[in-house]
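Asks: Just so you know, the protein sequences line up as chains A and B, in that order.
Take the first sequence: its position 183, counting from 1, is numbered 182 in numbering that gives the first Met the number 0, and each next residue is one higher.
Take the second sequence: its position 179, counting from 1, is numbered 178 in numbering that gives the first Met the number 0, and each next residue is one higher.
What the hints contain is simulated information worked out from the structure, not anything from laboratory work.
Remember, predicted model here, so these are calculated numbers, not experimental data.
Yeah, the Cβ is synthetic: ideal placement off N, Cα and C, and Gly gets one too.
Heads up, some of the hints might be wrong.
[What the hints assert, rightly or not] Short derived list, chain B residues pointing at chain A, Cβ under 7 Å:
#1 G6
#2 V14
#3 F124
#4 S125
#5 S270
[As the list claims (entries may be wrong)] Which residues of chain B face chain A? A partial, calculated answer using Cβ under 8 Å:
#6 D67
#7 N104
#8 Y128
#9 Y230
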Amino acid sequence: MTMARRTRRGWMETQARRGARLVPAALGLALVMAAATPALAQFKVGIPLPLTGAEAKFGEMEKQAYELAVEEINAKGGVKDQKLVLDIQDSGGRPEVATSIVEKFLTGNKYPIVVGEYTSQCSYAVAAVAERYQRPYLVVTGSADKITQQGWKYVYRLNPPASLYNLGVWSFFKAVAKPTSLAILYENTDFGTSTSQAMKLWAEANGITVKAYEGYQAGAVDFKPTLQRIKSLRPDVVYMVSYLMDASLLMRQSKELDLNPRLFVGGAAGFTLPEFLQNAAEASEYVMSGTLWTPQVKYPGARAFFDRFRQKFGKEPDYHAAEAYAAAYVLADTLKRAKSWSPEDIRDALAKTDMMTVFGPVKFISWDKFTNQNRLDTLVLQVIRKQFETVWPKEGASAPYVFPVPRWRDRK
Amino acid sequence: MSPELAGQIELLLQVVIAGILIGGLYSVIGLGMSLIMGVMRIINLAHGELMMVAMYITYFAFTMYAVDPYVSLLVVLPAMFALGALLQRFLINRVMYTDSILPQNQVLLTVGIGMVLSNLALVAFSANYRSVPVSYAGATLYWDIALGGQTIALSFNVPLLVAFGIAVVLTAGLFLLLMRTDVGRMIRATAQDRDAATLMGVNTKRVTVITFGLGSALVGAAGTLLVPIYYLFPTIGAPFTAKAFIITVLGGLGNTAGAILGGLVLGLAESLGSAYISLGYKDAFGFVMFVLVLIFLPKGLLGKSKV
Chain A
0 MTMARRTRRG WMETQARRGA RLVPAALGLA LVMAAATPAL AQFKVGIPLP
50 LTGAEAKFGE MEKQAYELAV EEINAKGGVK DQKLVLDIQD SGGRPEVATS
100 IVEKFLTGNK YPIVVGEYTS QCSYAVAAVA ERYQRPYLVV TGSADKITQQ
150 GWKYVYRLNP PASLYNLGVW SFFKAVAKPT SLAILYENTD FGTSTSQAMK
200 LWAEANGITV KAYEGYQAGA VDFKPTLQRI KSLRPDVVYM VSYLMDASLL
250 MRQSKELDLN PRLFVGGAAG FTLPEFLQNA AEASEYVMSG TLWTPQVKYP
300 GARAFFDRFR QKFGKEPDYH AAEAYAAAYV LADTLKRAKS WSPEDIRDAL
350 AKTDMMTVFG PVKFISWDKF TNQNRLDTLV LQVIRKQFET VWPKEGASAP
400 YVFPVPRWRD RK
Chain B
0 MSPELAGQIE LLLQVVIAGI LIGGLYSVIG LGMSLIMGVM RIINLAHGEL
50 MMVAMYITYF AFTMYAVDPY VSLLVVLPAM FALGALLQRF LINRVMYTDS
100 ILPQNQVLLT VGIGMVLSNL ALVAFSANYR SVPVSYAGAT LYWDIALGGQ
150 TIALSFNVPL LVAFGIAVVL TAGLFLLLMR TDVGRMIRAT AQDRDAATLM
200 GVNTKRVTVI TFGLGSALVG AAGTLLVPIY YLFPTIGAPF TAKAFIITVL
250 GGLGNTAGAI LGGLVLGLAE SLGSAYISLG YKDAFGFVMF VLVLIFLPKG
300 LLGKSKV
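So that you can see chain A by itself, here it is in the shape it has in the complex:
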């Protein structure tokens, strides 16, 4: 018995040792083969995205949009006869992970350009790395103002800064809602703080009283005490900035408490995802939100993109998908115009971008404190009969807005 066991172990050890000797040999062979193959005609783009964690739904949608765009670009012959290939890595929405992914992209893979990320915190961290290594970085979704206010020379942003996300909402407030008071509730992240601060300043400059201005930590179970206090303050409009789970909890609990302002307005992000309609269910009805894009915008190809995306992935894209899709086209355009594919030449070509995308015109300009920042109009959507409808600006609206919204208890 003992003998047998010992013999078997001895055999296994020999096998293991033999295996260990084989591994380097195989590795060596693989290396030789890689070197021997002629340079594959492909251009690799490194994209960090949150594919797991709280922001996974946004990351997943953007990943699908990048893939859709790259598929189309490659079908039309790629860029300068080379195929675009995506190298998408999961950052989990954590800045320290995003940073290490990008360091690997730039030093290990030697990619000349980085695109993407989702949250403001991650984009800001990635931007700092790109600037340090002097490689161009195209910001696609991260919107905290500070990202393009550092005077960085390699950081270009496709989406508008957070403080301008409300342009559409402001125009609606001025023309229609004319609120006299406002309650602001936001997640105290970079994005939440930037957007709500801009809202607060704008409100004060326009003679609207800000009755409550509350930041919260993501992951609160019970918002009811705060919502109840907001209820006792009787504001005209309740404005909230949250990601997906909190957005749903906030609306559900507002309904439970019978909190009845004349209007609920969300600051994009969690309030524009299709999952918001499912999670908040009937509590999402009539909620308005600022947004950067809807399928009803009049940019060429927008509707076609919406249809193709829905057909391919079985769900409706929101502004995040449009951003990622447009970013892939901006990248392809830049690579086509670049003198060479060195980081410097790509950066110079990116700076001269002036094109139309499904997300709108893209041109990087500098004003006030901003540098290399694209400028766009924003829209307002509203949930009407369990669907997102574009309600503002009036031209291009897909449905008439509902204002003021009915009280919770009066709804059927």
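Given chain A, work out where chain B should sit, using these hints.
Replies: For chain B alone, coordinates are given in the frame of chain A:
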């Protein structure tokens, strides 16, 4: 009465209601930890992670077999009891009676168990946030009170009310068990004096296994009750371990009646604090109270340990 005053009264009442309802859930979470503390003199730092396991059982029972979260309690309670008992029998008891460099190495072991559980969940279920979309998630009862010509409208979230009711039933059941049954008497005897209990013929090792099982089943029940109200993800445990710890200390380490009071006090403090001070500091209120209690009432709100 002016509408403003009525609004203030409504705010206060609603905030107190919210605090008590969530406090009921906190009590059940704290009760499990307190029970384990009372009998074994160790803080179970895997408490929140055990709750996470129960939440995933509930989630999969719902998504795969369409079992209502409240019905799944029938599965969760025995499953969590078994998991807790196995952990105690095969892991913690092995360390309990061993001399080692660190006197409290059982506590360190529970930290390790917690890490293993949450990381296994990360690997198995990914870090995604999930929720159980039950039709009654937003169901609400309203109660209008006429007061001095004004109406005060109070609202009660049905899942939270149900959770509170079940929490009361579970607590009552636990006290019946502790006070009226042989197993309960053995648990209390072990908590009071382990050596004396052993001399009287109580199998204290078995008692510890049962106690850890009961503690896990209780926190598991709290997890299941939380599912229709909240959402779940693999690392949800840690903040709830912290809450359970605060409750256990508030109640007087190992005092089960104190844990109930501790849970309610924590719920009220969070609720009042976030309404009248700031929501951003919500978690801080618990810890501030924790420090104050340790300084001024080192034996907890209800005094010495008593199971």
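Asks: Indicate, hint by hint, whether the structure satisfies it.
Replies: Outcome of the hint check:
no. : hint : verdict
1   : G6   : holds (4 Å)
2   : V14  : holds (5 Å)
3   : F124 : violated (10 Å)
4   : S125 : holds (5 Å)
5   : S270 : holds (5 Å)
6   : D67  : violated (17 Å)
7   : N104 : violated (31 Å)
8   : Y128 : holds (5 Å)
9   : Y230 : holds (5 Å)
Of the numbered hints stated above, those contradicted by the structure are hints 3, 6 and 7, listed in ascending order.
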